[in-house]
Amino acid sequence: MTAKGEMISITVTINGLPYTAAVSATMNLTDFIREVANLTGTNVGCGEGECGACTVFLDGSSVNSCIVLAVDADGKEVTTIEGIGGPNGDLHPVQQAFIDCGAIQCGFCTPGMIMQAIWFLKQNPDPTPEEVRAGLEGNLCRCTGYEKIVDAVLTAAQQMNAVETSVR
Amino acid sequence: MTENNEYNVIGKRVPKVDAREKATGAAIFGHDLRLPGMLEGKILRSKRAHANFTIDISKAEKIPGVVAVITAETYPHVKNLGFLQDNPALKKGKVCSYRDEIAAVAAVNPETAEDAINAIEVEYEDLPNVCDIEFACMENAPVLHEHAPDNILKHRYDFVHGDPEKALEEADFKVTSTYRLQYVAHCCMEPCFAAAQWDGPDRLTVYSTTQIPHLMQRDLGRVLGIPAAHIRIKQMVIGGAFGSKLDTYPYEIITCLLAKKTGRPVRIAFDREEEFIASVTRQPAVITVSHGCTKDGKLTARIFDAVLDNGSNSSWGATTPHIMANPVSSLYKVENVRMKAKMVYTNNAYAGAFRGYGNPQATFAIESNLDELAKVAGIDPLELRRRNFNEPGETTPQDLKITTCGMKECTEAAVEAIDYDKPLEEWEGVGFANMIHVGGGARIYLSDGSGVTVKVDDFGRVVIITGATEIGQGTDTAMAMIASEELGVPLENISILNSDTDYGMWDAGVHASRTTFIVGNATLRACRMVKEQLIEAAAKKMKIEPGKVVFEKGVFYPEGGSPEDGMKVDKVARSMHFRRQGKHPMATYYYDPPNELQDMKTLKGNVSSTYAYGTHACRVKVDPETGKVKILKFVAAHDVGKVINRQGIEGQLHGGIAQGIGYALMEDMVFEDGKLLNPNLLDYKLVMARDMPPMELIFIETDDPEGPYGAKGIGEAGLIPTAAAIANAVESAIGARIRDLPITPEKVLAAIRGVK
Ligand code: FES
Ligand code: FES
Chain A
1 MTAKGEMISI TVTINGLPYT AAVSATMNLT DFIREVANLT GTNVGCGEGE CGACTVFLDG
61 SSVNSCIVLA VDADGKEVTT IEGIGGPNGD LHPVQQAFID CGAIQCGFCT PGMIMQAIWF
121 LKQNPDPTPE EVRAGLEGNL CRCTGYEKIV DAVLTAAQQM NAVETSVR
Chain B
1 MTENNEYNVI GKRVPKVDAR EKATGAAIFG HDLRLPGMLE GKILRSKRAH ANFTIDISKA
61 EKIPGVVAVI TAETYPHVKN LGFLQDNPAL KKGKVCSYRD EIAAVAAVNP ETAEDAINAI
121 EVEYEDLPNV CDIEFACMEN APVLHEHAPD NILKHRYDFV HGDPEKALEE ADFKVTSTYR
181 LQYVAHCCME PCFAAAQWDG PDRLTVYSTT QIPHLMQRDL GRVLGIPAAH IRIKQMVIGG
241 AFGSKLDTYP YEIITCLLAK KTGRPVRIAF DREEEFIASV TRQPAVITVS HGCTKDGKLT
301 ARIFDAVLDN GSNSSWGATT PHIMANPVSS LYKVENVRMK AKMVYTNNAY AGAFRGYGNP
361 QATFAIESNL DELAKVAGID PLELRRRNFN EPGETTPQDL KITTCGMKEC TEAAVEAIDY
421 DKPLEEWEGV GFANMIHVGG GARIYLSDGS GVTVKVDDFG RVVIITGATE IGQGTDTAMA
481 MIASEELGVP LENISILNSD TDYGMWDAGV HASRTTFIVG NATLRACRMV KEQLIEAAAK
541 KMKIEPGKVV FEKGVFYPEG GSPEDGMKVD KVARSMHFRR QGKHPMATYY YDPPNELQDM
601 KTLKGNVSST YAYGTHACRV KVDPETGKVK ILKFVAAHDV GKVINRQGIE GQLHGGIAQG
661 IGYALMEDMV FEDGKLLNPN LLDYKLVMAR DMPPMELIFI ETDDPEGPYG AKGIGEAGLI
721 PTAAAIANAV ESAIGARIRD LPITPEKVLA AIRGVK
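Chains as they are written, first to last, in the numbering used here: chain A, 1 to 168; chain B, 1 to 756.
Possibly wrong hints are sitting among the right ones.
[Said to hold, decoys possible] Chain B regions said to be covered by chain A (calculated; three or more residues, Cβ under 8 Å):
(1) 227-241
(2) 680-687
[As the list claims (entries may be wrong)] Part of the chain B face toward chain A, derived, beta carbon under 7 Å:
(3) Ala19
(4) Lys22
(5) Ala23
(6) Gly25
(7) Ala27
(8) Arg272
(9) Glu274
(10) Leu491
(11) Glu492
(12) Gly655
Hints are computed from structural coordinates only; laboratory data are not their basis.
Cβ coordinates follow ideal geometry from the N, Cα and C atoms, glycine included.
Let the hints inform the model, and build the full structure from the sequences given.
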């Protein structure tokens, strides 16, 4: 890595594991995730905060990682698409619903869309279809027309709520 | 919408076979590729629409970390790209658009590559811009390319049937209008990507997101001057294509050249701005249409005249009139038809293939114009259409042979679903549009074929090896479903091997909605051949005649016996080769559909072996204060032949409709003197989840005799009539016709003011 200016050593915890690297002040969090941690599930559709393909959680909140500086994630916790499933390849209910409902075509928007959906359902566990559509506003998909994505989010909500109820 | 019970798998709702890897982030897209020693390539593009230039790369070459800088001089023998071979990968001395490539660098990382690009010195000597098709066609307009002194591409389209001018003259009612279609970007969520690696001077591997692996292999061989037999194309998981990857482009050649020059693997990955500026677009057009009809509303004449802005170089956009000719000649019964089209070179962006391939533009103009005719003739627009429906068994003016045709059924189903007779509230409107499109392949090249190999292993796993390309449309899943249906093997035991020209058999590429139809047929036939082999082996094992073997749900058993005593696929497979002179259950089928290459002059010939029909209907509400169009309900009824994967076909239609709504209402690449003013996803408006209306899909199953299980191709259908249906509904709401897309609130307000 040659880069302009001085390198800054940072540590970002991604999916529970700490990654330490010296990075340039201008490196964004997506690049840190993809190049330093070598987790390539997080996609880059625009690099300008307009498409949502790079959505991850930063200290529990959904962010477009392409417009977060890596240095600003120093000492923080990041969760990516690789970090949401259970052990042994178990899927998160939102992942499962995306598969079952046909919410995936080319799949490039999918990791970001799933992350946003999980975060949205945390805020609003029992949404209406309109609320889902509003909640996904920052995430673009060119393939699906969103119909089955909305289905998937509603289906996941139902399943997650059913599990909640049965646990209670 | 009945689930059909005739089949175990076909017609059901099946999640995509590649969905899991895409949901977990495991899918390897282009930008995920890591090759040891790989360098970052970057392209310097023109800063002028039209200019002569000189270039100095010496400063860039000296930057530490820069491994190569190349220009047109570096590899002078590289041949041109493009349909008319008018497009050098690196331009020499003259640029004709902002997207033009003038130099490229390979460096150890993206930042250094960027620095090197900025250090290249270019001096421009401006030439007059030709950014308007009317200006381009004028007598003394500046010339872009020597081979086209009038700026008009040499191939022109002039299709005629009957005597349309006379028929129009004699028509009881007639109407003529001009429609303008804008530039639209594919906006694949994944920007363009390529990587290349050489092994010695003439052996090349390219990692690509192409839709045409085998044609690309040929293109690269020709352009680079190496044997195509030394080239291997490996496709990555592809993040959307929609036609944009149907050609071989300069950046792909440049990637190969940088890799050659450096002796290391090189990748080029566009950012979003470069994607907007330097990938192909939908072909913009100005189309004048006339229709004439009798007092009873029988269509007697259609004259269609299109001028297409070809941009600076030729790609597949230059041949879209070929497909425009299908709806012009064959949408509804019209006895006298003419289509003329010419493509004009300008200093704008150039166009490629985009879902529908000219058909959305043509259908917009035709279906808008039919509503205008209905108004002039005083006939209900729906009734006018009913009087001119296409029918099965028809041979159209273009010699398209219509086998199955669900136009009538689609229309009537849409009429019911949209509740046509329900009275309209103030500022509410309802509109319809129909479509015809190739549904059984399209013979654009001499070959429209594709080959599939099916192998069954000792454990009952079925592997399908194919040259077909998955771009998200779901072909892999359709193939797996067909194999599951035929061989009784569960879907989770089936895998698809594609994405590599070394093992995939020739395929003409993903275009023309052809893949499920063509590759589906190949898979079906290969599976049936394997089934024969298994039946024969099972008969031997059971010591009975093959005719006495029953095969059901993956179990072979003797006639009159019971499945419990039968043998499963894996056991039969093992019995075939665990013996002397053994055989392995596998078969290859190469399917080439019974369609024809059209005569380039007359444009006649049965280009597809079947045709897909569909009706879109929508209700809209216009806000007279803001001019905003809200779609209250959208109905899409399609003659799909037969549903293969219900979930997949719904997704294809939803996605097509969404792109059609964007085309109709929002999407617009704004050029000023050849420069794109909105090359980002903030200013170029894509449809978002909130913009989508309630949709109702209706599938009309006409059981096509040539389709796999009766299916037709429908990958493009969802987009084709969408804009026309919306434009007709807007007219119905405001009483004024908007003939230029997109139908923005400003245009709606202006139209409303015009009426008052
Ligand atoms: S890549 Fe971050 S928002 Fe598009
Ligand atoms: S599935 Fe392709 S962009 Fe969403």
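Against the structure, the hints:
Residues of the region 227-241 of chain B with a Cβ under 8 Å from some Cβ of chain A number 5, which satisfies the need for three, so the listed coverage holds. As drawn, the region 680-687 of chain B meets chain A at 5 residues by the rule of a beta-carbon pair under 8 Å; at three or more, the given contact holds. Interface hint at Ala19/B: satisfied, since its Cβ lies 4 Å from the closest Cβ of chain A, which is below the 7 Å cut-off. Hint status for Lys22/B: holds, given a least beta-carbon distance of 3 Å to chain A, under 7 Å.
Because the smallest distance between the Cβ of Ala23/B and any Cβ of chain A comes to about 4 Å, under 7 Å, the interface hint for this residue holds. Checking Gly25/B against chain A by beta carbon gives a least distance of about 2 Å; that is within 7 Å, so the hint holds. The interface hint given for Ala27/B is met, as the beta carbon of that residue sits about 6 Å from the closest beta carbon of chain A, less than 7 Å. Hint on Arg272/B holds. Least Cβ distance to chain A is approximately 4 Å, under the 7 Å limit.
Interface hint at Glu274/B: violated, since its Cβ lies 11 Å from the closest Cβ of chain A, which is beyond the 7 Å cut-off. Here the hint on Leu491/B is broken, as its CB sits about 13 Å from the closest CB of chain A, past 7 Å. Proximity of Glu492/B to chain A is violated relative to the hint, the smallest CB-CB distance being about 13 Å (cut-off 7 Å). With a cut of 7 Å, the hint placing Gly655/B at the interface with chain A holds, because the nearest CB-to-CB distance is about 5 Å.
The structure fails to meet hints 9, 10, 11 from the earlier list, while all remaining hints are met.
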